[in-house]
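Put the complex together from the two separate chains, hints included.
The primary structure of each chain is shown beneath.
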Amino acid sequence: MQERHIDIVIVGGGGAGLRAAIAAAESARKENREQRIVMLSKVYPMRSHTVAAEGGAAAVTSAEDSLQAHFDDTVAGGDWLAEQGVVDYFIRHAHQELVQMERWGCPWSRKSDGSVQVRRFGGMKTARTWFAADKTGFHMLHTLFQTSLKYPEIERLDEYFVLDIAVADGTVAGVMVLEIATGELTLLRAKSVILATGGAGRLFRFNTNAGIVTGDGMAMAFRHGVALRDMEFVQYHPTGLPGSGVLITEACRGEGGILVNKNGYRYLQDYGLGPETPLGQPQNKYMELGPRDKLSQAFWQEQQAGRTGKFGDSDVVYLDLRHLGKEYLHERLPFICELANVFINVDPVKEPIPIRPAVHYTMGGIETDAHCETRIKGLYAAGECASVGLHGANRLGSNSLSELLVFGRLAGEQASQRVPTVPFTNSRDLKEQAQAQKTRITQLYDAEGEESWVELKRELVLSMETGCGIYREAKGMQATLEKIHELQARYRNIRLQDKSRAYNTELMQCLELGYSLDIAEATCLGALERKESRGAHKRLDDGLQQRDDANYLKHSQVFFNAEGPARLCWQEVDTHLSAPAERAYGDAGKGVKQ
Amino acid sequence: MTIKQISIQRYLPEQGSAPYWQEFDVPFDDSTSILDALNYVKEELDGSLSYRWSCRMAICGSCGVMVNNTPKLGCNSFLREYQGPVKIAPLAHFPVEKDLIIDMTLFLDHLAAVQPYLINDSGEGSDTFKQTPAQMEKYKQFSGCINCGLCYSACPQFGLNPEFLGPAALTLAHRYNLDSRDQGKKQRMPQMNREEGVWSCTFVGFCSEVCPKNVDPAAAVNQGKVESAKDMLIGIFKS
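From first to last, the protein sequence lines are chains A and B.
In my numbering, each number is its position in the first sequence, counted from 1, plus 3.
In my numbering, each number is its position in the second sequence, counted from 1, plus 259.
These aren't lab readings, by the way, just hints derived from the structure by calculation.
The model shown is predicted, which means the values in this text are computed figures rather than measured ones.
Treat each hint with caution, since some may be false.
As the list claims (entries may be wrong) - Pair ranges (Cβ atoms, derived):
(1) T261/B <-> P337/A: 30 to 40 Å
(2) P426/A <-> E396/B: 46 to 56 Å
(3) M260/B <-> E158/A: 25 to 35 Å
(4) E422/B <-> R7/A: 29 to 39 Å
(5) R498/A <-> P286/B: 52 to 62 Å
(6) F462/B <-> A439/A: 35 to 45 Å
(7) K353/A <-> K397/B: 26 to 36 Å
(8) D116/A <-> F462/B: 32 to 42 Å
(9) P449/B <-> R498/A: 35 to 45 Å
(10) E158/A <-> K346/B: 51 to 61 Å
(11) Q446/A <-> K346/B: 29 to 39 Å
(12) T174/A <-> E396/B: 51 to 61 Å
(13) K353/A <-> V485/B: 38 to 48 Å
Claimed, not checked - From the derived model, a few chain B residues whose C-beta atoms are all more than 12 Å from chain A:
(14) K263
(15) Q264
(16) T329
(17) F462
Glycine included, C-beta positions come from ideal geometry on N, C-alpha and C.
Next comes chain B alone, as it looks inside the complex (with noise of 0.2 Å):
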C-alpha cells in the first residue's frame, strides 16, 4: 500500500472558535473510498473525527463532503482518483456543527414545504392505481433522490440565500406534480412560484453535475419554471 497525505477541515467549537486544517497520512489502493479514508483516520489517528456515514454504497445519502472543492459522497469517491493533494471539507453552505457534521435542518425544512407526498382524494382503497411504463418514466428518474444535499452545496444561489427552496425539494415537487396518479399540483405551485422557488435558480446547472444519482435536479427546476409561468399565466387569466 502507498500513502497519502490528506487534509482534513476541523471543527471543534468546544475547544476553538475557528476552523483549521489537520494533515493525516493515510495508506491506500485502487478501492479506499474517501470514507474509507475517514475511517482510518478515526480508528487508528484521532479518534475525535467527526463526520456522518452509514450504508457506505452510495444509497443512504449521509457522507457528503467537500472533495477540493466539489461536493461528493465519501463513500463512491476514491483517493485514487486524485493526483495531487485531497483536501477534504464540510459540505459548503450550510451551517457547520462540527468537524465535516453540517446542520441539515433547513435542508429538511425545504423538503416538507413542498409537500413532497401523494395528493389524491380517492381515498383508502384495496387496488393500485394504473400507471403505465410511459406514465411513470416522466418521472422516474426525479424520483431517485437520496437527501445528500450535494446539489446545495453546488447551488450558488442556495449560497447567497437558504431561503431558496433549492434543487432537492424543487425536483421532489416536480417528480410529484409529474405522477399520473397525483393530484395535489395546484396546492404545490404556490411554493414553487415563489421568488424562493423556482424562479431563484439562475440556470448555472452545476447540481446536476455533482448528483451522484443522476437525477438532474436542473432539468427538474427549468421544467418547473415553465409550469410555474403557465400557472402564474392562468392565474392572470382568471383573475
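Okay, chain A solo, but in the shape it has when bound (with noise of 0.2 Å):
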C-alpha cells in the first residue's frame, strides 16, 4: 500500500472542510510555517451537500440585535442542551465569519445603501440572517471552494473515499483513503485530521439531503471509541417537498408565507404559537416564525386529526406565498419557484404549495470539546458531523451555516497549531490497521453472501422512520433497535455484483451502509434511553411528554461495542449562563426570558 507523510488531512470538502483548509493554511502562512494539507472528499467540492443549504446564515447585525439576544434564542431553541460556553463562542464570531464571507466575494443579497440585509428566521428574535437570495449554501459553498484555489499548499484529492482513521496511543495517525478512479489503497499519514463528513440525513427515508449524506465520518469516529452524542435529536424540517422531500426553505416563513391546513386554517395559532398574526406581517417567534420542532410536531398532530390535505400519496399541509407577489417572489425566493415548478408543477405565484416535513439536519454527532477536538488526540470535527454542542435538543434554522464557519476555522486553526508540537505517530501497529483495510475491501469483493445492499438500506430507513420519527414510542423504538440489529448482521453477508476496481459506486454504496447501521443504532439507542420529550425528541408514552431536567438535563453519549450492542451514558450539560426556564413562543413566550 502507498503511504505518505502529510501534516493535515481534512475529511470532506463541503462548507466546513473548506473553511478549516482555508484557515489551517492561513495559519501556517502567518508563522512561516510550511505545512502539507490534504482535503479530500468522496465528491468534488462543490457537490457537497453545504450547496442545498437555503436561507441563510445567521449572526447579531443590526443595530436592534445584541449578543444577548442571539445567546439567548439559541440556548432556549435548543431547549437549554446546548453548550453554554460553546454558545457564547459561537455568537461572538459569527459576524466575523460572515463579514469575511462577504470580502472573499460571496454575493450576500444587498440593502440599496449597499449594506447586507438581513431577514427573518424561525425562533430568532429579530431579523439576523443573512442570505443570497435562497441560494445562500450554494454560493458560500462556491465562494469557500473558489477562495481555496489562492492557496497551492491545499492540495484537494476529489474522489476519495477515506475506510477508517488510523489511530496509535489514544493519538491520530491518518487515515486510509480509497481512490474511486482506481480503487487504489493509501496510507496518509497525518498529525491532524479534521473530520467534516456532514450529517446522516440518509438514516431516513423521507428526507431533505444529498445521496451522500451517510454519516461517514461520525461512524468512523464511533467505531474507534469516540462517543457519539445527542444522537436522538434528528430534525424535521417543516417544509419538504412531497414525494421527493427536496427542501424549500424556511425563509419562505421569513418572508412572510403562512402555513394552513386543507380547511385554509392557520393550525400553528392552536399549538402555542399564536396568536394569528396578519397575513404580510411575520412577527419573530410567533406562528410560522416558530422553531421547527414545534412546527414540525403540529404537523403530526394535524395529520392525526384529519386536518391534513393529500398530493398523490403524500399527506400535506399548505404553504401560502401568493400575496407576496411575483416579482417579490422571483426576487428573493427565486429557486424555490423553480423548485416547485419542477418537481411539483406547481407556481408559487399563483398557488399554494403542498409541503411535508421530511428528516433534514442531524443535531447530534462527533463529540467534541470546545476547540473542535475529539477524546482522539489530534482528530477534530466540525460542521453537521460534529457535536460540538451549540444545537442542544434543536437547531435554530440559519444557526447552521454560520456554525460550519465558525467551527471549521476554529478546527482548522487548531490542527494547524497542533502539527509543530507533535512528530508523526511511529506505530508498527498502522501496517497493521493499513492491511486490514485492505483485507476487508478484499473480502467485500470476494463475499459470495445473499444479502443485498439495496434491501437492507430499503428496510434500514423505513424502520428509522416507523420507530424514530416526529414522535416516538418505546415499543417503535425497540422494534427498530432490533431491525438495526439484525440489518447489522445481516450486512456480514452481503454481496457485490459489481466487481470492477474503477468507479466502483456499488462498493460506495455498501461501504456507507455499513456506516448508517452504526450511527442508526446510536441514534435509536439515544432515543429509547431519553425518557422524556425535549425538543426535537418527542414521545407519546404515559409519563414521558415533558421535559424532565432533573433525570434528563444531560447529554446522552453512545460508545461503539464491536463485540455487542452500543451502551449510553450520560454527560453534564454546561448552563453556567443561562439557568434552564420555560420555552415558550407566540404570546406565551411573552416576558420569558428569551
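Structure representation (C-alpha cells):
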C-alpha cells in the first residue's frame, strides 16, 4: 500500500472542510511555516451538501439586536441542552465570519445603500439572517471553493473515499483512503485529521438530504471509541416537497409565507404559537416563525386529526406565498419557485405549495470539546458531523451555516497549531491497520453472500422513519433497534454485483450502508433511553411527554462496542450562563427570558 | 405505472474496450426523473451501472448526462418529456471513465486557470464592502454556475479543442471582472485574451440553451470578447 506523510488531512470538502483548509493554510502562512494540507472528499467539493442550504446564515448584525439575544434564542431553541460556553463563543464569532465571506466575494443580498440585508428566521428574536437570495449554501460553498484555489498548499484529493482513521495510543495517525477512480488504497499519515463529513439524514426514508449524507465520518470516529453525542435529536424540517423531500426553505416563512391545513386554517395558532399574525406581517417567534421542532410536531398533530390534505400518496399542509407577489418572490425566492415548478408542477405565485416535514439535520454527532478536538488527540470534527454542543435538542434555522464557518475555522487553526508541536506517530501497528482495511475491501469483493445493500438500506430507512420519527414511543423504538441489529448481522452476508475496481459506486454504497447502520444504532439507542420529551425528541409514552430536567438535563453519549450492542452514558450539560427555564413562543413567550 | 424502455451507453474498461448500448425497462409516472430511472436500474436491474449524483435538486451539478444527444441534468429532466426512445450517454466532449462517468480534470483546471476568486488588496477587514443591488445585478446571473459541465458538452469548439477554457470558466472570470469589489481584472485578462480564451468562441450559443440555471454563458463570453478587444487595444496604445 502506498504511504504518504501529510501534516493535516481534512476529510470532507463542504463548507466546514473548506473553511478549515483555508484557516489551516492561513495559520501556517502567518507563522512562516511550511505545512502540507490534504483536503479529500468522496465527491468534488462543490457537490457537497452545503450547496443545498437555502435560507441563510445567522449573526447579530443590526443595531437593535444583541449578542445576548442570539445567545438566548439559541439556548432556548435547543431546549437548554446546548453547551453554553460554546454558544457564547459562536455568537461572538459568527459576524466576523460572515464579513470574511463577503470579503471573499460571497454575493450576500443587499439593501439599497449597499450594506448587507438580513431576513427573519424561525425561533430568532429579530432579523439576523444573512442570505444570498435562496441559494445561500450554494453561494457560500462556491465562494469557499473558489477562494481555496488561491492556496496552492491545499492539495485536493477529489473523489477519494475514506475507509478508516488510523489511531495509535489514543492519538490520530492518519487515514486510509480509497481512490474511487482506481480502487487503490493509500495510507495518508498525518499529525492532525479534521472530520468535516456532514450529517446522516439519509438514515431516514423521507429527507431533504443529498445521497452522500450517510454519516461516514461519524461512524469512523464512533468505531474508534469517540462518543456520538445527542444523536436522538434529529431535525425534521417542516417544509419538504411531497414525494422527493426536496427542501423548501424556512426563508419562505421569514419573508411572510403562511401555513394552512386542508381547510385553509392557520393551524399553528392551536399549538402555542399564536395568536395569528396578520397576513404579510410576519412576527418573530410567532406562528410560522416558531422553531422547526414545534412546527413539525404541529403537522403530525394535524395529520392525526385528519386535517391534512393529499398530494399523491403524501399527507400535506400548504405553504401559501401568493400574497408576496411575483416580483418579490422572484427576487427573494427564485430557487423555490424553480423547485416547486420542476418537481411538483406548482407555481408559488399562483398556488400554495403542498409540503410536509422531512428529515433535515443531525443535531448530534462526534463529541468534541469547545476547541473541536475529540477524545482522540489530533482528531478534530466540525460542522454537521460534530457535536461541539451548539444546537442542543433543536437547531435554529440559519445557525448551521454560521456554525460551519466559525467551527470550521477553529478546527483548522487548532489542527495547524498542533503540527509543529508533535512528531508523526511512529507505530508498527499502523501497517496492520492499513492492511486490515485492504483485507476488508478484498473480502467485500470476494463475498458470496446473499444480501444486497439495496434491500438492507430500504429496510433501515423505513424502520428509522417508523420508530424514530417526529413522535416516538418505546415499543416502536425497541422494534427499530432490533431491526438495526438484525440488519447489522445480515450486512456481514452482503454480496457485490460489481466486481470492478474503477469507480465501483456499488462498493461505495455498501460501505456507506455499513456506516449508516452503526449510526442508526446510536440514534435509536439514544432515543429509547431518553425517557422525556425535549426539543426534537418527542415521546408519546405515558409520563414522558414533558421535559424532565431532574433526570435528563444531560447529553447522551453512545459508545461503540465491537462485541455487541452499543452502550450509553450520560454527560452533564454546561448551563453556567442561563439556567433552564420554560421554552415558549407566541404570546406565551412574552415575558419569558428569551 | 407504465413501463418505458431506456437505452444506456455502457463502458466497462475492465471488461472490454468498446462502449455498447444496453436496454432496460423502467416503470415511470409523471414524477420520474432520468436520475430516478438510473437509480432504478442500479438498484433493481444491474448494480454495476455507474454514474454520479448527489443532491437530486439541480444545485450540486453532479448528474449531467446526454439524453437523446442533448446535455441535461438527470435530476431535473423527466421521462414524461420523452415520447419516443430515451438514450442516455455520458456528457459529450469529455473522456469517459466508466459508463456515464466522465473525467472532470480538464474542466477543473480551466476553472482554476482564470483565478476565480475576489482579488482585492485591502487585506483583512472587520467590515463588509459596500455593494448596491445595481452593482450586484451586473454579475449576479453569472455567479449562478453549478459547474455541471453541460455547456462544455454543448460547445462545438471545446469538442474540437479541449484547451479552450470554455463557457463556465470564462463566465466565472467575467463574473469576478464585473464585481465592483474586485481589482483582479488585469490579472485575468491575459487568460481571456489567449487564442484558447474568449476568441475560440464562435458564438453558437448552444451553451446558454442547455444551461440548467439560466446563467447565459454565451452572453458572458461575448461580453468578455468586448473586454478583451478593449484590453488588447489599450495594450497596443501603451506599447
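Okay, the hints, checked on the actual structure:
Distance hint for T261/B and P337/A: a CB-CB separation of about 33 Å, consistent with the stated range 30 to 40 Å. In this structure the supplied range 46 to 56 Å holds for P426/A paired with E396/B, their Cβ-Cβ distance being about 54 Å. For the hinted restraint 25 to 35 Å between M260/B and E158/A, the CB-CB distance of approximately 48 Å leaves it violated. Hint check: E422/B to R7/A, Cβ distance near 31 Å, so the stated range 29 to 39 Å holds.
Range check, R498/A to P286/B: about 25 Å between beta-carbon atoms, so the 52 to 62 Å window is missed. Between F462/B and A439/A the CB atoms are about 57 Å apart, so this pair departs from the stated range of 35 to 45 Å. For K353/A paired with K397/B, a C-beta distance near 31 Å keeps the hint of 26 to 36 Å intact. In this structure the supplied range 32 to 42 Å holds for D116/A paired with F462/B, their Cβ-Cβ distance being about 38 Å.
Between P449/B and R498/A the beta carbons are some 55 Å apart, a value that contradicts the proposed interval 35 to 45 Å. Evaluation of the 51 to 61 Å hint for E158/A and K346/B yields a failure: the beta carbon distance comes to about 39 Å. For Q446/A and K346/B, the Cβ-Cβ distance of about 38 Å falls inside the hinted range of 29 to 39 Å, so the restraint holds. With their beta carbons about 52 Å apart, T174/A and E396/B fall inside the hinted range of 51 to 61 Å.
The hint said 38 to 48 Å for the Cβ distance between K353/A and V485/B, and at roughly 39 Å that hint holds. Against chain A, the non-interface label of K263/B holds: every CB pair exceeds 12 Å, the least being about 19 Å. Separation of Q264/B from chain A is adequate, the least Cβ-Cβ distance of about 21 Å exceeding the 12 Å criterion. Even its closest Cβ contact with chain A, about 17 Å, leaves T329/B beyond 12 Å, as expected for a residue assigned away from the interface.
Distance check on F462/B: its Cβ is at least 26 Å (rounded) from any Cβ of chain A, clearing the 12 Å threshold; non-interface status holds.
Hints 3, 5, 6, 9 and 10 from the list above are not met by this structure, while the remaining hints are.
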